[in-house]
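From first to last, the protein sequence lines are chains H and Y.
Heads up, the first sequence is in our numbering, so the first residue is 1 and it goes up one at a time.
Heads up, the second sequence is in our numbering, so the first residue is 406 and it goes up one at a time.
One thing to keep in mind: the hints can contain errors.
[Claimed, not checked] Interface residues of chain H toward chain Y, partial, derived using beta-carbon atoms under 8 Å:
1. Arg16
2. Arg266
3. Leu326
These aren't lab readings, by the way, just hints derived from the structure by calculation.
Values in this document were obtained by computation on a predicted structure and should not be read as measured data.
Heads up, the beta-carbon is just placed ideally off N, CA and C, and yes, glycines get one too.
Here's the letter readout for the chains.
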Amino acid sequence: MSELFFKTDFHSSELRSLVLPVEIRRSNLALVKRSDTSQSVDLDPGVYYVSAKLPAGQVLLDKVTISADAPSTVILAPAPGEQSPSESMELSLFISGKPILPLSSGSETTSTPPPLGPDTISARLRVFASNVSRTITLEPDSQQWVMVQQSPAPGEITFFCRAASPPVIRQIQLLQSGERPVNVLIPVSPQESCQLLLRRLPNLRFSIDMHLEHIAADALVHYFQQGLIEQAAALTETNALQAKELLRGKLEHPIAAAAGAYVLLRLGDLEKLHNWTENLYNFFAWLPDGAAIRGEHLARIGQHEQALNTFLSLSKRGLPLLSDGLSYAVSRLRTYVASGTQFAQTAQSEAESLLKQLQRLAAFVDFRLPFLTYSGLDPNNPDDVPVGEDISGLEGVDVISLLQH
Amino acid sequence: MKNPLIRNENLLGPPGLHAFIVGVSDYKNLPLPGEPLAPHHLGLRKLSSAALSAYKMYCWLLEHQNDLAVPLVSCRLLLSPSATEIAAAPEIGDLADPATVENFLVQAAGWQNDANSNEGDMTLFYFSGHGAQQSRDDAVLLLEDFGDGVGVPLRKAVDVNNIFNGMARSNQFRTIAQKQLYFIDACRDFLSAFKNLEPQKTTQVFQVQLSGEDTRVAPIFYAAAPGTGALAIPGQQTLFSKALIDCLNGDAGQFEEVEGQERWNISVHSLCEVLLLKMQELNARFGEQQEFLPGGWWKDTVICFLDHPPLVKVKLKVEPQEAVPCTRIMMMDLLGAAPAIPFPLNPYPYEGAWPAGYYTLSAEIVPPAVPYVNVAPFIRQIVPPHFSRTMKVIP
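Sequences are here, hints too, so could you generate the full structure?
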């Protein structure tokens with residue numbers, strides 16, 4: 001047996017630090033082993049083909065010959081013609097995948113959008129925050145919370161969303177002439193920022209994608225979104241996404257932990273959740289997702305009364321940042337409400353009231369997107385009414401002017 | 406009773422598959438396209454391809470019952486076909502009972518009972534018709550008698566949440582199948598009409614018993630993402646049904662060791678990955694924008710096996726296209742066998758179907774012509790459903 005090491009070759013340190021799930025196959029495609037790029041594997045001498053699939057779907061592939069008693073290293077890099085032209089474009093090229101137009105149907109092609117011209121649709125971006133009474137109000141200075149960064153590519157704008165300390169749930173609202181306003185919750189914590197990527201599409205509208213600061217959690221979310229469940233499952237095995245790394249270190253990553261927990265729930269991997277969900281729920285009382293995740297976990301292990309009480313804390317914590325949280329809450333509350341007399345009367349009536357609120361919102365949510373995304377000009381009262389063609393009277397950052405400069 | 410219930414009594418006991426398939430096109434109380442709508446129709450009309458799609462799923466199961474991970478033990482079918490569908494496939498006209506709420510409840514109870522034969526069983530639920538997705542894990546499914554204007558609007562509808570939770574292990578169903586596949590080929594176009602409705606106004610299929618630990622493999626494959634409609638090739642089948650059956654026929658094939666044997670198979674994970682790609686491909690072909698959204702719980706498990714390696718659709722292009730006349734593309738498998746690729750590529754782009762495997766690709770400019778350059782050999786893994794490559798011969 002000889003040891004095989006893995007290296008990845010990207011422009012950015014961010015992507016180079018990403019641990020990728022790898023498959024090692026024989027020449028007849030038979031799978032020999034699954035592992036990840038952070039750890040070596042022992043293989044018998046022979047010829048192997050090593051591949052790693054990126055969240056956006058590209059496959060990194062190399063052939064390696066293992067000789068007896070000599071370690072080898074395989075370098076996984078994008079194929080000729082698939083490399084990113086620049087460091088700043090790697091995130092959108094290799095992680096984001098096909099742009100998704102929020103609250104619409106279908107994903108979009110990545111062909112170049114037409115140049116800006118007189119028919120360019122106006123677009124504005126603004127920020128809202130939830131207060132203690134769970135009312136969502138407009139932040140007077142959006143640019144304090146979302147700061148524009150250098151454009152990674154023509155037609156793209158990246159905003160840096162700063163960490164929120166003390167924790168406050170904020171959301172961006174994208175207004176585009178004649179379109180439904182899109183509200184997206186910003187996945188940040190006191191120690192985690194994120195990036196917001198707007199991509200202008202051939203139909204002149206913008207797609208929205210969020211990237212978590214924690215690159216492994218970000219890849220995990222995007223793997224799942226692209227239907228690459230095998231890769232998502234493999235990533236949950238890596239050290240970078242273990243609860244002790246995410247919740248107990250000097251730098252806590254509750255958003256990354258929540259993203260990981262949602263994927264484990266989707267995979268039905270209850271053993272791995274263990275007390276992860278309890279810690280997430282108890283240590284981060286401000287995080288709505290802690291309640292949705294813990295509630296769903298308790299329900300899966302048959303502790304329905306505790307599950308209901310945990311879900312009910314959403315009425316104090318607010319809307320989950322990830323759409324899976326809303327989905328689990330709505331589905332479980334529907335079951336509990338329908339089950340009638342199995343719970344205390346007060347819990348039952350609270351459940352009915354919370355379900356009514358969440359269900360009303362769910363009608364306007366785009367569940368394709370990992371971070372909670374819904375329509376409505378007034379974020380407190382979601383609806384599907386488009387804004388008018390002239391949005392110049394509405395506050396917010398002029399997105400088109402950022403594209404031009 | 407026309408229901409073509411398949412129930413292999415001799416197979417009950419050991420692990421087996423229990424299917425329940427429902428397709429509704431001919432909604433008795435809804436108008437045809439062009440006819441006037443009443444308020445209680447909620448903007449909905451009869452459909453053209455849902456029952457035929459369900460029938461195609463039923464046929465696929467019967468044809469492939471020997472390829473399934475566990476043998477087909479029972480299969481229930483309810484169909485409400487449209488006149489167009491009956492014209493296209495006369496055999497469905499009198500094949501199954503209509504998909505009314507009453508029939509649905511009866512067949513669902515039988516399905517649940519059969520699925521309780523062995524916890525190693527697998528179940529498959531397929532619904533095609535009008536629906537309304539309420540979250541990533543829940544959808545309302547409208548049955549044939551929906552829209553009669555009597556009682557609450559969803560009296561003739563059922564919801565996935567209730568079916569999903571009713572199929573959990575409980576005191577009454579201690580040995581219920583622990584592998585359950587759900588395919589919901591519906592849409593949620595009309596959901597905004599329900600936004601202010603109280604929850605739980607659908608007909609309950611099962612009395613859900615809140616019970617102990619639930620560790621099922623239970624993926625839900627939703628055809629249409631929230632806010633979108635489930636689209637169809639009229640009189641043929643829905644796009645989702647076409648994508649699904651293509652996937653099950655080999656497009657979602659993977660080569661893995663299963664119980665000590667390397668076999669081509671379709672698993673829950675491979676199906677999920679390729680269904681997304683197939684939907685994109687069909688959208689492009691038919692100019693539609695339908696999506697697939699995974700819900701439920703996604704542990705991996707094998708669904709069926711392939712009796713031969715699938716062929717991969719290969720498409721090759723050259724950039725710039727002006728270089729096509731002088732670009733010779735070569736592909737070679739690891740044994741040195743080379744599929745015949747015409748030089749120059751004609752018709753262009755090249756399209757072929759090759760066995761899955763590793764191939765070395767290269768391009769040569771013949772004769773050498775400035776500014777074009779050769780492409781050095783590189784290896785690619787060619788696996789289902791398709792492989793597409795543009796050989797860039799300009800620096």
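> For this structure, which hints from the list above don't hold up?
Replying inline: Those not satisfied come down to hint 1.
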